[in-house]
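Residue strings, one per chain:
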Amino acid sequence: MSTVLTAKLDPQATLVGLAEKKPERVTLVVLSGDMDRVMAALIIATGAAAMGMRVTMFFTFWGLNALRRTGSSSRASDWLRRMFGVLNKGGADRLPLSRFHFWGLGTRMMKRVMQQHRMPDVPELMEVAKDLGVTFIACTTTLGLMGITKDTLVEGVDQLAGVSTYLAEAKDAQVNLFI
Amino acid sequence: MSTVLTAKLDPQATLVGLAEKKPERVTLVVLSGDMDRVMAALIIATGAAAMGMRVTMFFTFWGLNALRRTGSSSRASDWLRRMFGVLNKGGADRLPLSRFHFWGLGTRMMKRVMQQHRMPDVPELMEVAKDLGVTFIACTTTLGLMGITKDTLVEGVDQLAGVSTYLAEAKDAQVNLFI
Amino acid sequence: MSTVLTAKLDPQATLVGLAEKKPERVTLVVLSGDMDRVMAALIIATGAAAMGMRVTMFFTFWGLNALRRTGSSSRASDWLRRMFGVLNKGGADRLPLSRFHFWGLGTRMMKRVMQQHRMPDVPELMEVAKDLGVTFIACTTTLGLMGITKDTLVEGVDQLAGVSTYLAEAKDAQVNLFI
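Order-wise, the sequence lines are chains P, U and A.
Heads up, the first sequence is in numbering that gives the first Met the number 0, so the first residue is 0 and it goes up one at a time.
Heads up, the second sequence is in numbering that gives the first Met the number 0, so the first residue is 0 and it goes up one at a time.
Heads up, the third sequence is in numbering that gives the first Met the number 0, so the first residue is 0 and it goes up one at a time.
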């Protein structure tokens with residue numbers, strides 16, 4: 000529901016005036032670690048933030064790879080999570096396409112096309128998002144499950160949190176997407 | 000929020016009566032080009048439109064393939080986007096299943112089952128959606144990135160637009176999904 | 000929109016008091032049958048239900064596998080759906096990871112890590128969800144398409160329904176996600 004409509008409904012808001020209007024909110028759960036889906040999430044996030052909306056992105060499961068330093072590995076003490084960490088590499092610049100990845104070849108092709116068209120890639124979009132005040136939250140459950148420590152995440156992660164933090168934000172937001 | 004509830008909240012609406020009620024809105028971002036996900040999007044879209052809701056579908060990335068003419072290829076001038084265009088074929092009747100596609104065999108099996116049960120396929124659902132007034136928007140960023148020109152899209156695309164058009168619609172909608 | 004805000008907007012609600020507040024609602028369409036996505040859906044569902052929200056989960060397409068008894072096969076009379084049923088096995092404990100499934104090896108690794116960290120798996124999360132009053136709806140269209148009969152579903156499925164039931168719930172919900 001738009002705040003404009005809220006203002007119409009609330010007699011008090013009309014008295015107090017437009018200055019009282021709360022910014023509209025957007026939340027994005029980013030579970031996918033695919034380059035195309037993370038890009039779409041960031042394009043929506045930066046677009047909304049540029050329009051004055053309050054945007055929160057919750058990175059969970061494979062999506063958390065976008066918040067991990069490139070080349071960082073799992074620091075888990077057990078071999079099982081370590082082995083999984085070898086497969087599941089972090090780094091916003093290393094996300095594969097969901098289609099036509101072809102062991103990296105297709106993804107590299109797409110990146111070159113983006114470069115030629117001066118389209119920002121995932122690391123650049125993340126910087127723009129941070130500059131526009133988008134909140135980045137890393138899912139604590141995933142961190143534990145994958146043996147990822149806070150110091151291996153990139154700078155700019157605002158909070159480590161769980162599902163209740165997400166829901167508290169989402170229930171007051173106008174746009175909630177699961178990506 | 001339902002318009003019914005809005006009517007209760009707004010004293011003016013009660014005076015003016017039910018004729019003034021705005022239709023409820025649904026927006027769907029269709030990033031996936033998988034047959035099953037596009038079908039789900041169209042079933043929700045046509046269902047909502049049949050219930051009198053205002054429905055907008057934003058086709059982006061692989062989802063845009065549903066809006067491309069079957070057999071149309073990328074008209075990009077550079078070999079890189081052309082090569083990508085060879086892989087990424089358009090056509091609403093050519094979308095693969097997200098599971099058990101098996102180089103076309105699984106998808107063809109599923110299509111035959113659907114035919115036997117007189118279930119509409121993706122091209123038929125798109126026609127129903129257009130008849131019910133669902134708005135189709137093609138993402139301009141994807142068009143540029145993939146070297147797809149407007150004349151290779153199917154008829155019935157209402158608008159070429161970007162993220163701000165999407166957000167302007169989504170912030171006032173009751174149901175927003177990312178597919 | 001939060002009910003707290005609704006209470007502020009509605010003069011009647013203020014008179015009647017907080018006891019009249021309707022619970023906030025969450026709907027989740029679960030199309031994916033991937034372990035990680037179904038787990039995320041259930042974590043959001045149980046989290047929301049624990050916070051007092053009314054949660055409805057609509058299982059459709061591959062997501063329906065989570066509601067099928069382990070080892071149950073398609074009872075379709077035609078060989079085509081039967082063959083598809085052999086590929087598309089049901090069972091909440093059999094869902095594959097969307098990444099690194101590796102013919103079951105990667106998924107088994109992840110399950111063992113979860114066990115070591117005493118994290119509930121999909122069948123356990125489903126039980127918690129049922130205990131917390133989450134509503135499970137199985138998509139009738141998928142049942143027909145895949146030749147799945149009601150008696151091969153697990154206990155705890157509240158309803159078999161279609162898209163209009165989903166939309167009626169979603170249009171009044173604060174959080175609607177497509178997973």
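Because the hints were derived from the structure by calculation, they are not lab data.
Keep in mind that a hint or two might mislead.
Identical copies go unnamed one by one, so any copy, or any two together, can satisfy a pair.
Below are the DSS-like pairs computed for lysine-lysine, each with C-alpha atoms no more than 30 Å apart in a straight line [said to hold, decoys possible]:
1) Lys-149 with Lys-21
2) Lys-21 with Lys-129
3) Lys-110 with Lys-149
4) Lys-88 with Lys-110
5) Lys-129 with Lys-88
6) Lys-20 with Lys-149
7) Lys-110 with Lys-21
8) Lys-88 with Lys-20
9) Lys-88 with Lys-21
10) Lys-110 with Lys-20
11) Lys-110 with Lys-129
Here is how each hint holds up against the structure:
no.	hint	verdict
1	Lys-149 with Lys-21	neither (32 Å within a copy, 39 Å between copies)
2	Lys-21 with Lys-129	within (21 Å within a copy, 36 Å between copies)
3	Lys-110 with Lys-149	both (28 Å within a copy, 23 Å between copies)
4	Lys-88 with Lys-110	both (18 Å within a copy, 19 Å between copies)
5	Lys-129 with Lys-88	within (23 Å within a copy, 36 Å between copies)
6	Lys-20 with Lys-149	neither (36 Å within a copy, 40 Å between copies)
7	Lys-110 with Lys-21	neither (38 Å within a copy, 43 Å between copies)
8	Lys-88 with Lys-20	neither (43 Å within a copy, 46 Å between copies)
9	Lys-88 with Lys-21	neither (39 Å within a copy, 44 Å between copies)
10	Lys-110 with Lys-20	neither (40 Å within a copy, 47 Å between copies)
11	Lys-110 with Lys-129	within (22 Å within a copy, 35 Å between copies)
When held up to the earlier numbered hints, the structure conflicts with 1, 6, 7, 8, 9 and 10 and fits the remainder.
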